[in-house]
Amino acid sequence: MKHSVWIYILIMILTTNIIRVIPITLVRKQIKNHFIQSFLYYVPYVTLAVMTFPAIFETTSSPIAGIAALVLGIISAWAGLGLFPVSVICCLVVFILELFPL
Amino acid sequence: MSNNKKAFVQGLRDGLPIGLGYFAVAFSLGFMAKKCMLTPLQGFIGSFFTRASAGEYGVYTMVVQDASYLAVIVMCLITNLRYLLMSTALSQKFSPDTSFIKRILTGCCVTDEIFGISIAYPGYLNPYYTFGAASISTPMWACGTMMGIIAGSILPSRAVSALSVALYGMFLAIIIPPSKKDKAVCIAVIVSFLLSYMCRKLDIFERLNLSSGTITIILTIVISSIAAIIRPVLTNTDEMDS
Chain D
1 MKHSVWIYIL
11 IMILTTNIIR
21 VIPITLVRKQ
31 IKNHFIQSFL
41 YYVPYVTLAV
51 MTFPAIFETT
61 SSPIAGIAAL
71 VLGIISAWAG
81 LGLFPVSVIC
91 CLVVFILELF
101 PL
Chain L
103 MSNNKKAFVQ
113 GLRDGLPIGL
123 GYFAVAFSLG
133 FMAKKCMLTP
143 LQGFIGSFFT
153 RASAGEYGVY
163 TMVVQDASYL
173 AVIVMCLITN
183 LRYLLMSTAL
193 SQKFSPDTSF
203 IKRILTGCCV
213 TDEIFGISIA
223 YPGYLNPYYT
233 FGAASISTPM
243 WACGTMMGII
253 AGSILPSRAV
263 SALSVALYGM
273 FLAIIIPPSK
283 KDKAVCIAVI
293 VSFLLSYMCR
303 KLDIFERLNL
313 SSGTITIILT
323 IVISSIAAII
333 RPVLTNTDEM
343 DS
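For the protein sequence lines, the chains are D and L, in the order given. One point on numbering: in this note's numbering, the residue at position 99 of the first sequence is 99, and numbering is uninterrupted. Just add 102 to the spot in the second sequence (first one is 1) and you have this note's numbering.
Chain D extracted, bound-state conformation (with noise of 0.2 Å):
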């Protein structure tokens, strides 16, 4: 079957909105229970991290470049620059690899 692109945005808008404003208006005290907030504080580093890699070097023309952008990338985050220089680098990196390949 197949399935309808605007259904699928639609369910996006709404269950990522809904999520947003639940605790916002529902939750006025603090959450106590040990896993769950534990759970909750290490899941957008590992989804994040699952989503980069290996996908980081597989969208590049070549892989080459895009290890070299994950290595620079997270180089420069360690350094302590912020979300559009370190976006700015892996873009670079990539850009001057494939123009120049070894």
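It is worth saying that the hints were derived from the structure and are not from the lab. Certain hints may be false.
[As the list claims (entries may be wrong)] Capping the alpha-carbon separation at 20 Å, the derived lysine to aspartate or glutamate pairs in EDC-like fashion look like this: (1) L/Lys137 <-> D/Glu58; (2) L/Lys282 <-> L/Asp214; (3) L/Lys107 <-> L/Asp199; (4) L/Lys195 <-> L/Asp214; (5) L/Lys303 <-> D/Glu58; (6) L/Lys283 <-> L/Asp214; (7) D/Lys2 <-> L/Asp168; (8) L/Lys137 <-> L/Asp168.
[Said to hold, decoys possible] These stretches of chain D come out as covered by chain L in the derived footprint (C-beta under 8 Å, 3 or more residues): (9) 8-21; (10) 32-45; (11) 48-55.
Just so you know, even glycine gets a beta-carbon here, dropped at the ideal spot from N, CA and C.
Go by the hints and put chain L onto chain D.
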């Protein structure tokens, strides 16, 4: 009222650099969406009302795989679970007389960056500050996605290849600084990299016919649960109690 106006203008000012970053990243999200067969209008509407890079990315990959609607809901829940936490944190930041409508609207504005500047607002959060920041960054995010989808077929493939890593660059900028501060996060990130690589390369998983999005969901739940058991996070109240 003039106080609210001031907060709104301040929000606009702080939201502008966020919006510029969004535009570039949304551009690369647009390339992704283009590969997943989305039209520019679908990209614009989806981005305008969702504003969640990882969540949108995850859903768009599922569109092309013709995943079930239930899987899309689960994907949104998992990739955006952090908003649950951020929204909870912001709920503590309101003055008690903040109206229900303003709470709902502020909740809808939550993204990593908007949350970051809102939670740093001195004293009680004036919702108009958050509204200001969101009202400039949201159109930039939506336009970036739309233009990425349009430009995906116009730009030379070398430029597309380079810009497509912008999104991953942003993800790295979100996960690396906490990894530097907290060794447990660092280990969780490294384990995530390794297991993600294995799951996508090993034959067994291919034979199980799991989509990339499903692998992301399963790995997130498993790794986060294990990390939460091995290294529970101490909260402020715990520290105060002990």
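Verification of the hints:
{"no.": "1", "hint": "L/Lys137 <-> D/Glu58", "in the structure": "14 Å, holds"}
{"no.": "2", "hint": "L/Lys282 <-> L/Asp214", "in the structure": "18 Å, holds"}
{"no.": "3", "hint": "L/Lys107 <-> L/Asp199", "in the structure": "18 Å, holds"}
{"no.": "4", "hint": "L/Lys195 <-> L/Asp214", "in the structure": "16 Å, holds"}
{"no.": "5", "hint": "L/Lys303 <-> D/Glu58", "in the structure": "12 Å, holds"}
{"no.": "6", "hint": "L/Lys283 <-> L/Asp214", "in the structure": "18 Å, holds"}
{"no.": "7", "hint": "D/Lys2 <-> L/Asp168", "in the structure": "6 Å, holds"}
{"no.": "8", "hint": "L/Lys137 <-> L/Asp168", "in the structure": "14 Å, holds"}
{"no.": "9", "hint": "8-21", "in the structure": "holds (count 11)"}
{"no.": "10", "hint": "32-45", "in the structure": "holds (count 11)"}
{"no.": "11", "hint": "48-55", "in the structure": "holds (count 8)"}
Of the hints listed earlier, there is not a single one the structure fails to meet.
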